[in-house]
Amino acid sequence: MKTFIARSLFLFSLSVAVLVAACDSDVPPTEKSQPSQPADLAPPARFNGATPGVFRPSASAFALLKTLKLEPGHDTVVFGHSGEIPVAGDWDGSGSTRVGVYQPNDRTFRLLVGARPGSPVTIVKFGAIGDLPLAGDWDGNGTATAGVYRPSDSTFHLRNGNGADEKEIVIKFGEKGDLPIAGDWDGNKSWTIGVYRPGTNTFFLRNSNVAGQPDLTVKLGLLRIFQFPAIGTETA
Numbered sequence: 202m203k204t205f206i207a208r209s210l211f212l213f214s215l216s217v218a219v220l221v222a223a224c225d226s227d228v229p230p231t232e233k234s235q236p237s238q239p240a241d242l243a244p245p246a247r248f249n250g251a252t253p254g255v256f257r258p259s260a261s262a263f264a265l266l267k268t269l270k271l272e273p274g275h276d277t278v279v280f281g282h283s284g285e286i287p288v289a290g291d292w293d294g295s296g297s298t299r300v301g302v303y304q305p306n307d308r309t310f311r312l313l314v315g316a317r318p319g320s321p322v323t324i325v326k327f328g329a330i331g332d333l334p335l336a337g338d339w340d341g342n343g344t345a346t347a348g349v350y351r352p353s354d355s356t357f358h359l360r361n362g363n364g365a366d367e368k369e370i371v372i373k374f375g376e377k378g379d380l381p382i383a384g385d386w387d388g389n390k391s392w393t394i395g396v397y398r399p400g401t402n403t404f405f406l407r408n409s410n411v412a413g414q415p416d417l418t419v420k421l422g423l424l425r426i427f428q429f430p431a432i433g434t435e436t437a
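With the first letter of the sequence shown counted as 1, position 88 gets the number 289 in this note's numbering; the numbers rise by one all the way through.
The hints are simulated quantities; they were obtained by calculation from the structure and are not laboratory data.
Treat each hint with caution, since some may be false.
To be verified - Within a straight-line C-alpha distance of at most 20 Å, the following computed EDC-like cross-link-like pairs (lysine to aspartate or glutamate) qualify:
hint: 1; residue 1: Lys-326; residue 2: Glu-376
hint: 2; residue 1: Lys-368; residue 2: Asp-293
hint: 3; residue 1: Lys-326; residue 2: Asp-293
hint: 4; residue 1: Lys-373; residue 2: Asp-416
As the list claims (entries may be wrong) - Ranges of calculated distance between the beta carbons of each label pair, as one might list FRET restraints:
hint: 5; residue 1: Gly-341; residue 2: Glu-376; range: 21 to 29 Å
hint: 6; residue 1: Gly-364; residue 2: Gly-331; range: 31 to 39 Å
hint: 7; residue 1: Gly-388; residue 2: Ser-353; range: 31 to 39 Å
hint: 8; residue 1: Ile-324; residue 2: Ile-370; range: 18 to 26 Å
hint: 9; residue 1: Ser-283; residue 2: Gln-414; range: 38 to 46 Å
hint: 10; residue 1: Lys-326; residue 2: Asp-293; range: 17 to 25 Å
hint: 11; residue 1: Ile-330; residue 2: Asp-293; range: 27 to 35 Å
hint: 12; residue 1: Gly-284; residue 2: Val-411; range: 30 to 38 Å
hint: 13; residue 1: Ala-365; residue 2: Asn-306; range: 17 to 25 Å
hint: 14; residue 1: Val-411; residue 2: Glu-367; range: 12 to 20 Å
hint: 15; residue 1: Asp-293; residue 2: Val-419; range: 16 to 24 Å
hint: 16; residue 1: Asp-354; residue 2: Asn-306; range: 18 to 26 Å
hint: 17; residue 1: Ser-353; residue 2: Lys-326; range: 14 to 22 Å
hint: 18; residue 1: Gly-378; residue 2: Ala-329; range: 14 to 22 Å
For every residue, glycine included, the Cβ atom is placed at its ideal position computed from N, Cα and C.
Kindly produce the complete structure, drawing on both the sequences and the hints.
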């Protein structure tokens, strides 16, 4: 698997968690596993009643904590295939966040609408080669839907539904080398776009899904301890 995906998405997802950006988790137990490992990816998570999780590419498995206490073990949901990128969202408006994956090779989201493998899966074909996946409640209706960020032209492509004929919202925001994020930055129940700029350890956030200058700029100096490879390059 390309190192830029593993390292970049893992690290910027952790930073989004610090920024309180995304998922409320309510996942029943499936299988106990071992503590998370350095190669795991972390879907964004906020901690006001939710708990974090990671995606283990080597096993195509999500490891989900049930508590913020330092206790051994966690719940595991095996879902996805080699080379896929994790996403998370409330796909059916039930109030519970579930897992999903994005396959870059065929530009397809597979969203697990349930807590366990074998639950219904929503399939959404969306994006172009080189896009990075997003998910969020773009219109504030309580249901998360697909989106992608296109590094080649720094544009977000969002849909308010997961149907094939859904209208696409295109927003130009960010610069070359930025990493995409999404969250409810102003607490109005609608998710909006943002980018993280590794070169300056800075988040640039919009409170609406339209082009414009950042509404919020947040610099986190702690992240200087991390080194992000350039998007689109493959390292050893």
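Here's how the hints hold up against the structure:
1. Our distance criterion of 20 Å between C-alpha atoms is broken by Lys-326 and Glu-376, whose separation comes to about 26 Å.
2. The hinted pair formed by Lys-368 and Asp-293 meets the criterion: a straight-line CA distance of about 19 Å does not exceed 20 Å.
3. Between Lys-326 and Asp-293, the direct Cα distance comes to roughly 18 Å. Compliance with the 20 Å bound is thereby established for this hinted pair.
4. For the hint linking Lys-373 to Asp-416, the alpha-carbon distance of about 15 Å falls within 20 Å, and the restraint holds.
5. For Gly-341 and Glu-376, the hinted distance range of 21 to 29 Å is satisfied, since their beta carbons lie about 28 Å from each other.
6. The supplied range of 31 to 39 Å is broken by Gly-364 and Gly-331, whose beta-carbon atoms lie about 24 Å from each other.
7. Our hint of 31 to 39 Å for Gly-388 and Ser-353 holds, since their Cβ atoms are close to 33 Å apart.
8. Evaluation of the 18 to 26 Å hint for Ile-324 and Ile-370 yields a pass: the beta carbon distance comes to about 21 Å.
9. Between Ser-283 and Gln-414 the beta carbon distance is about 40 Å. The supplied range of 38 to 46 Å therefore holds.
10. Remark: the range hint 17 to 25 Å for Lys-326 to Asp-293 is upheld by a beta-carbon distance near 19 Å.
11. For the pair Ile-330 and Asp-293, the supplied restraint of 27 to 35 Å holds, since their beta-carbon distance comes to about 29 Å.
12. With their beta carbons about 33 Å apart, Gly-284 and Val-411 fall inside the hinted range of 30 to 38 Å.
13. One distance hint, 17 to 25 Å for the beta-carbon pair Ala-365 and Asn-306, holds here, with the actual separation near 19 Å.
14. For Val-411 paired with Glu-367, a C-beta distance near 18 Å keeps the hint of 12 to 20 Å intact.
15. For the pair Asp-293 and Val-419, the beta carbons lie near 31 Å from each other, so the given range of 16 to 24 Å is not met.
16. In this structure the supplied range 18 to 26 Å holds for Asp-354 paired with Asn-306, their Cβ-Cβ distance being about 21 Å.
17. A C-beta distance of roughly 19 Å is found between Ser-353 and Lys-326, which places it inside the suggested range of 14 to 22 Å.
18. For the pair Gly-378 and Ala-329, the beta carbons lie near 19 Å from each other, so the given range of 14 to 22 Å is met.
Hints 1, 6, 15 from the list above are not met by this structure, while the remaining hints are.
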